[in-house]
Amino acid sequence: FPGNTGQYINFRVVLHHIAVTAASLKKMVNIVTRRAESIQPRRDSSDFDSPSVNSIERMQC
5 FPGNTGQYIN FRVVLHHIAV TAASLKKMVN IVTRRAESIQ PRRDSSDFDS PSVNSIERMQ
65 C
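In the working numbering, the protein residues as written are 5 to 65.
None of these hints come from the bench; they were simulated from the model. The model shown is predicted, which means the values in this text are computed figures rather than measured ones. Virtual Cβ for every residue (Gly too), placed ideally from N, Cα, C. Be aware that one or more of the hints could be misleading.
So the derived label-pair ranges between C-beta atoms look like this [what the hints assert, rightly or not]:
{"hint": "1", "residue 1": "I43", "residue 2": "G10", "range": "47 to 53 Å"}
{"hint": "2", "residue 1": "I43", "residue 2": "N14", "range": "40 to 46 Å"}
{"hint": "3", "residue 1": "A40", "residue 2": "Y12", "range": "29 to 35 Å"}
{"hint": "4", "residue 1": "R39", "residue 2": "F15", "range": "42 to 48 Å"}
{"hint": "5", "residue 1": "V17", "residue 2": "A40", "range": "32 to 38 Å"}
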């Protein structure tokens, strides 16, 4: 039946869309957590060198 195949294709499209949005959300969360990690070491006055090294390493990744 053509109606059933159409529904199946729509279901696959919806699943793909959910997967894409989940992946983009994961990327956003990773970026936010990386920024938070890079901001936190600057509060520590004992290490002045580590924040710059960490930011350079993150830029290379």
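A quick look at each hint next to the structure:
| no. | hint | result |
| --- | --- | --- |
| 1 | I43 / G10: 47 to 53 Å | holds (49 Å) |
| 2 | I43 / N14: 40 to 46 Å | holds (43 Å) |
| 3 | A40 / Y12: 29 to 35 Å | violated (42 Å) |
| 4 | R39 / F15: 42 to 48 Å | violated (37 Å) |
| 5 | V17 / A40: 32 to 38 Å | holds (35 Å) |
Checked against the numbered hints given earlier, this structure breaks hints 3 and 4; the rest are met.
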